[in-house]
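Chemist: The residues making up each chain are set out below.
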Amino acid sequence: MKIQTRSDGGIQIVTVIGSADVSASAALREAFLGAIQVGTTRIVCDLGQTDFICSDTLGVLITAYLKATKRGGFLKLANPQQHLKEVLETTRLNCLFSVYPDVSCALADS
Amino acid sequence: MPTEASKTDDLGAWTEKILPTDLAGIRESERDLLARLAAVGYDEDHRFAVRLAFEEAMVNAMKHGNKMDPSRSVTLSYRVSPERVEIRVADEGPGFDPGGVPDPTADENLNKPCGRGIMLMRCYMDEVAYSSSGKEVRMVKYRQP
Numbered sequence: 000m001k002i003q004t005r006s007d008g009g010i011q012i013v014t015v016i017g018s019a020d021v022s023a024s025a026a027l028r029e030a031f032l033g034a035i036q037v038g039t040t041r042i043v044c045d046l047g048q049t050d051f052i053c054s055d056t057l058g059v060l061i062t063a064y065l066k067a068t069k070r071g072g073f074l075k076l077a078n079p080q081q082h083l084k085e086v087l088e089t090t091r092l093n094c095l096f097s098v099y100p101d102v103s104c105a106l107a108d109s
Numbered sequence: 000m001p002t003e004a005s006k007t008d009d010l011g012a013w014t015e016k017i018l019p020t021d022l023a024g025i026r027e028s029e030r031d032l033l034a035r036l037a038a039v040g041y042d043e044d045h046r047f048a049v050r051l052a053f054e055e056a057m058v059n060a061m062k063h064g065n066k067m068d069p070s071r072s073v074t075l076s077y078r079v080s081p082e083r084v085e086i087r088v089a090d091e092g093p094g095f096d097p098g099g100v101p102d103p104t105a106d107e108n109l110n111k112p113c114g115r116g117i118m119l120m121r122c123y124m125d126e127v128a129y130s131s132s133g134k135e136v137r138m139v140k141y142r143q144p
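Residue numbers (numbering that gives the first Met the number 0), protein chains in the order written: chain A, 0 to 109; chain B, 0 to 144.
No lab work stands behind these hints: they were computed from the structure.
Note that the coordinates shown come from a computational prediction; the quantities given were computed from them, not determined experimentally.
By construction, the Cβ of each residue, glycine as well, lies at the ideal position given by its N, Cα and C atoms.
Take the hints with a grain of salt, since some may be wrong.
[Unchecked claim] Stretch by stretch, here's where chain B covers chain A in the computed footprint (C-beta under 8 Å, at least three residues):
hint: 1; stretch: 16-25
hint: 2; stretch: 33-46
hint: 3; stretch: 57-65
[What the hints assert, rightly or not] Calculated Cβ distances over 12 Å to all of chain B for the following chain A residues:
hint: 4; residue: Lys1
hint: 5; residue: Gly8
hint: 6; residue: Gly72
hint: 7; residue: Cys104
Same shape as in the complex, but just chain A (with noise of 0.2 Å):
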C-alpha cells in the first residue's frame, strides 16, 4: 500500500493506493492522526485506488473521524469503489462518514 498527500485550499486529500489490510493499518493511523495533531483536520480520503480494506482500518478511519470532526474538522471519503463501496453500505459506515463519487465533490462539499 502507498499512501500520498498533497493539500487543496487547505484542506488534505489522502490517497490511499492498494490494499488497506492489516499491515497497512499503522501507516493509515500515522498518515491520519498524525495529521490531525498537527492541526490539519480538513480531510479528504480519495480510496479511488484503494482494493480491499478490513475492519481494522475501518477502525483508523473511524477514528480520525471522531478526532476530526472534535476539532471542528472533517473526514470524507471520495470515490470509493464498488466493494469498498459495498463494505461501506454492509457496515452501514456510509451513515457515518460523507461518501463522495469522487474528491471534486468532496471538495466543492467542504
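Please build the complex by placing chain B on the supplied structure of chain A, with the hints as guidance.
Modeler: Then chain B, alone, in the frame of chain A:
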C-alpha cells in the same frame, strides 16, 4: 516457524498450517489461498469476499484470541475445490461467545472503531460457525455463477 501439512478426504485436500501469532505472517497464507481460488476460476467478487473473511478471522484469532502472545499459535486449515472454499481458524485463547458481540451496525455502535470482524465474516461467507468453545471458526464460501 510455521509448519505445514496436507491431508485429503472426499471433499479435497486440506492444507494445514500452524502459524505464530504475528500479523505479518498472515500475508503468505492469504496469497496462497487467493492463488488457489484464482487457479480454479473464482471471480473477483468471490476472491474479495474470501480475502476479507480470511483476514478478519486471522486477525481475530491473533488479536482477540491469542492476545498477540507470541508464545501462542494459530492453526489454519483450508481447502479449495471448484465448487467451494472452506477455511478453519483456531486460536489458543480462552474462547468467547460470538452471540455476545454487540451489533456493530446499530446506531449507537457506528462510531466504535472495533467489533466489525465477525459481522463481515458472516456477510461475506455463506456459512460461519464457531466451535462450542469459541476457539475455532469454520467458514464456507460456495462458488456461484
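Chemist: Which numbered conditions among the earlier hints are violated in the structure presented, ordered from lowest to highest?
Modeler: 2
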